[in-house]
Amino acid sequence: MSTLRLAGSLAAVVLGLGLCGGELLAQTPVDAQPAAPADYSAARLYNSANAYARSGNTALAVLAYERARVLAPTDPDLRSNLRRVRESAGLPAGSGSWLQEYGRFASPNTLYWIGIAGLVLGGVCLLARRRHARFRGALLAGAVIGFAAVGASAFNAAATFSVLSESISLRQAPASVSPVAGADPLFQVPAAATVRVLDRHGGFELIRDSQGREGWVAASDLAPLIPDAADRT
Amino acid sequence: MKPYALRALIAVVVSLLLGGMTIAAAAGTALQSIEPSTISLGGSAQLSITSIGSDMPAITPPMVPGLEFLAVGQSQQVQIINGVTSSKSTVTYQVIPQQAGVFSIPSALPGAEPVVLTVTRGSGSVPGGSAQGGSVQGGSVQGGQAQPSSSLPAESTRQGASGAAFVRLRLAKHELYVGEMVPVDIQVGARDGMVASLNGPPALNGDAFTLSKLPENPSRSEEVIDGKPFIVFTWHTALVAVKPGTLTLTMDTPLTVRVRTPGRPDAGFFSGSGFEDLFNDPAFQNFFGTSTQRDVTVSSAPETFTVLELPAEGRPADFSGAVGKFSVSSDLSQDKAGEGDPITLRMHVSGEGDFERVSSSMLHDVDGWKTYTPIVNFKPDDEIGYRGEKIFEQPVISIQAGKRTVPEVTFSWFDPTTRRYEQAHTEPLTVAITPAPAGSSVAGGATAATSPTADLAGNEAVPTWRPDHPDNGGGRTSSLMPHYFQPAFMTVPPLVVIALSTVWFWMRRGERSAERARVEPYMMPPSVESLAGELGEYAAARNAQSFFGAARKALCGMLALKWGVTPPEVTTDEVVSRLGSDSEITRAFMLADEAAYSTLKLTPADFQRWQRIVLRNVDSEMPS
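In order, the protein sequence lines correspond to chains A and B.
Count along the first sequence from 1, add 278, and you get the number used in the working numbering.
Count along the second sequence from 1, add 33, and you get the number used in the working numbering.
Extracted from the complex, chain B is given alone in its bound form (with noise of 0.2 Å):
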């Protein structure tokens, strides 16, 4: 066959299967059906959308996220009974679960009813039993341009994935405080037909601010940008800045796109014969399979804030980290009591703001009143916890008989439409405390020590949650390694043991010379002509204590300079153990212990011939 009468069929059986559904969907009923309607994540439904009339309407594919749909067929039925033409065309739909949960999948065709699949994670429940994020309650497409859903001003929409896709945040305000809680609407807009399915909700790209919990069910609506119909998905959330600076702020939202794959028909037979917007038709391409699927993240434009810190000035000692519009009221559970009874003291904190942040000890230590720690219930005004009142609700027992005072409560918040701290009291409450029946544990203060963090049933309380810090800009530090591990860091301990180990070495250079300075006196021996001279004289006196003294001053000097030590120390012992008992020196040094203690008698020829020794052994050690 040639191809251009290929094409030219193709072209004619796609021409009759549109112009079949379109006459079928002209008027009668729609149907939607899910076969089975509870499946486990990893298997798959068949959602199957009928139309029984004689016309059918261009059907696109649904869109829940959570879910994808992959088209996998259509049927026609023709019936002609008594010359009456009735067509039934029936489009079927693989639909694929991406998470748990119960989905909601809206009618596609006007008329047919939503139907709900449920989606088990294994062979377990789904968790938490009802919708889950993701799914989309309701489902009816509302036609038209979507209108602004609130007072937010509309941002700039940047859209990805080849303009299948587009993330945008509207949100009121760029300037913001720490802490400071601002309603923002994320808004996924999905191309009809372009977009398989989203993959999960948007998500922060970044640690500068935390988003509040995003609504199960964003609201659903159509728009039309350049031309181009769209699908936005809207969730109504706030965000907080946690740290300060300008910071830049963009949401991340995967989903998974169909692509067009080659090959396509956009040229040549069908070139600008009309054909081609047919071809190029989203749901042509899902329909016949010319289109892959694959999965991309799309971002949002990046948004600038100034995030402003908290000033120090004026922040009130009971400041908690609240930062919103808040009014302060209170009130008391009963305005009569027993004595022992526990009353409630209740204070009602509303307005706006984040309310994670608003937090009271309530009362403390007060003389007369035992006083626990209190519950806190929040019940929001809206569907993201921004408008709402906090109440706290603190027992307090009067251990005190008659008419009591229960004190003013403060609460303190930074409002930043004023930009300053703002301090709120309650009003002193009265109540009226009979006294306790006689014999009664309470009665006479028996129960006079307050217990603040003791509940009442005498239990630990739980740990409450610990309030922020006030950072009054000490402390910082440009990384968290501790110094133990930074390299320039490492080498002071090295720097000091060189430098100590320095001093320690010219403090001992110094002792040694000091030390020899002090010995050096001992260390000038005589010369020895001197020697000899003196010597001679006592050997011809005959004197043998004077000669060997003289000799063994002599023989001490110069040992002592040449071991380095002083004079002193070179004693009999230390010249016999370190010369030996042999040594001509030793038995010099024990004869002159000998000739001290002793009468030694020598003859002319001993001297003569010690003399002869020590004069050698002098001469031969001096240093010249």
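Pulled out of the complex, with its shape left as it was, chain A reads as follows (with noise of 0.2 Å):
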């Protein structure tokens, strides 16, 4: 029963300890600029995109909207609008693929910590599993319930991760062969359209758009979907 105990003990303060952590790094502006101070929050990324978009500014409501997918990917409201604007636009009203559709569930905060539980739940379970035979049949559904959490998470992280590689197109912008100016173009990316960010090289970014084709566009002329991702992949 100590063992258990000790087990228990352990577990929360692992869990503790990683919740802390977690407040103490979101407490920390990972991005430091200092003309934009890091704070985002859905339903400030929502009402900025609705600005633009009344405004007229399709790029910048598609990258605002997009952003707070992220954060709000099941918000109903924000699935809307962001159709709406996407089509006004003449642009394909979904994006992604079936991962992404399906994936993105749940805010992938939330998923996290709950992925996290999950582990400390399905870990615990099984520990004590050994130990109480009586218990064997509610502990095991225990230890499911906690790895169905942990696949849920995973499952999310998986379809979050093509995020950190997305940009939008903040006006038309040519692609073209080689990251050079000058250079010959192959086609022109819309404004306000989703592309997928393969290289970088210089001030060009190579790119990826939703028919599949590839091509070298100006870094300036495209913005990360996750401000920071750039840095870190």
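If you're looking for bench data, these hints aren't it; they were derived computationally from the structure.
It cannot be assumed that every hint is accurate.
[To be verified] With a straight-line cut-off of 25 Å between C-alpha atoms, the simulated SDA-like cross-links for lysine to any residue are:
id, chain 1, residue 1, chain 2, residue 2
1, B, Lys246, A, Ser366
2, B, Lys358, A, Arg332
3, B, Lys403, B, Thr330
4, B, Lys276, A, Asp317
5, B, Lys436, B, Val399
With the hints as a guide, bring both chains together as one complex.
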């Protein structure tokens, strides 16, 4: 019994440390930009996007909507307005693959902590199951629930991973054959289009659009979906 | 030819040319023509400005946003007929468009008519079919100092591009609320003759504000700053802050300026001679190719704003984000209707503010009424849509006959002047509903079910714009990067796994210790001496059952300790599988089984031999 207590205490300490660490991390601006202090919320981004959309700035509206969708992927208002802005810009209303469509079913940060809690729950249940034969069924159910939470979190992480490399084109821009000024253009990337950044070179980024076409676009014409992702990917 | 002689010759020629122009333009008429009048983007047209008379005034190239003018030459014809001298001077510009549209080129000389240039995109038509952004209609330049076009206070002017141009903002206030619309004048000043073209409208720098759509036709005036003439283009528009904080705003304008080239005769022969001003004149530089063109971006001086967040206190439930000063009224399309006939309920929201944020869903789920999605119309009272009236027209159908009352409609907004939320209620309106004819499908309340989001044709309504969300300050995060991919957060799952593994390892170790403690009593073997005594005693009594029982117990303890199992687990089968059937210990186990379950008769020599075997094995395997 003391072993179980110890396991529980240890798990609580680890989870507590993780939560405290998470809170501390959340209070520490990761991307120190004095002009624009990092302070995001889904409501604020959504309201900004609405303002951009009202003023006709489709590209910034889509960018703000997509950023809000990172924090609140299931918000029906957000999805409705984003679809409307995309359609008004002549862009496909949907974005992304099956994984992105179904994997982003909840806030990734919430699911992260649910996954951690599930890992702790599953592990503790498995450990306790060695000692308490009478509750083997309940503990097995607890372990299944815990690892299901881990699976859901992992699924969401896989679906969210793609946003790290996504950018929004701020204006119509030519995609060229090489990353130099004056290179032959291959096609035009419309404003507000969501593209995937595959590589970077100088002031250019190699992008792939929704039709699978690839070309080099000036980095100044693109805005990353995750502002600090460019330095990390 | 000597250098000074060449300079003198140039000076004389220039003097003659300018003098001739001045003489020619003293009187007479002016003509302006463009050929061709329709070109494709990428092509060019030729603008000819002709002065017929005896004098030619100084001409500065026209300035039209979206068009670039390059002086290509001039000609002068002098005729003397019957002693009467007439002069005809023509200045020619090459016009290069930078965007498609219909451009009105103002008259460069008094009396000349403006000309229109149509620029198509390739072989297609002009987008919109009318003047595009950047074109200047009317084109007449007003003389004298520019008068402020509004009551907005003037701001400091910061010139860019070496004094060739400036961008400045004129706005009334610097403290505003998120969503509040503030009128602003954006002025771009271009030094006469030094700016070749404006290459686009002014653009916001940063994402803290949004700008209403810029008017297609900026107003144009002249202004003298520090003794230098500027042509000032003014866009009247409005600014909306989209996030709170202390924010800085600048505006950028791309333009092409003419830059003097090196080698200009600004010293030496002409220094201090009066010709220096002549050579420094932009018109001279433009004419004689002593300047090159360069694309630059001119920025306005930074304007700092304090943007306040809308207060959470007192926020009405139906607040949809409207910020400004509004008044609300309502009316009905008719005061009599038949049962089942649609009536239009109109709500008028008028005032000033960002009307894009003015929204209302009007009536919902009202007993006895069938309501539909309202249609919205906006009638601006000014160019930028800051003042106006938004009308919500909602079709409603009474499903009961009699004198009916259409309930009041509420509308809420935030007034930045009073700094609080306001809510207006319209007056309830009455309407007389006559019963439907017998047999009608609407008679008797057959359509009692309401369908708030269906349109009158029964189709699915077009999705309406979803309103802003209240930002109560919750759910803030310092980074959009999901926790999964932040290095610090990525360490948490491994930490949990390590902790759980440590617990598992510790538990496993404890279990093994407990197991060992449980079986250890079995494993405490008798000493070899006592075992020898015991076996000798049973051998003397020729009791094979007890003899092999004692031998088996001793061997079991020895093997259990050796194999790390409990003594009960040391069965004959286990011994056979581990040691083989030919082993002495195996045979001892078999004899023990035989003695236990049958009558085994051994000779004294056999007892002695097995006693030796057992003692030898126990003695050799037991830990000292």
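Taking the hints in turn, this is what the structure says about them:
With a C-alpha separation of about 17 Å, the suggested pairing of B/Lys246 with A/Ser366 holds against the 25 Å cut-off. With a C-alpha separation of about 19 Å, the suggested pair B/Lys358 and A/Arg332 falls inside the 25 Å cut-off, and the hint holds. Between B/Lys403 and B/Thr330 the CA atoms are separated by roughly 57 Å; this puts the pair beyond 25 Å, and the hint is violated. The hinted pair formed by B/Lys276 and A/Asp317 meets the criterion: a straight-line CA distance of about 11 Å does not exceed 25 Å.
The suggested pairing of B/Lys436 with B/Val399 holds, with an alpha-carbon distance near 16 Å, which does not exceed 25 Å.
The structure shown violates just one earlier hint, number 3.
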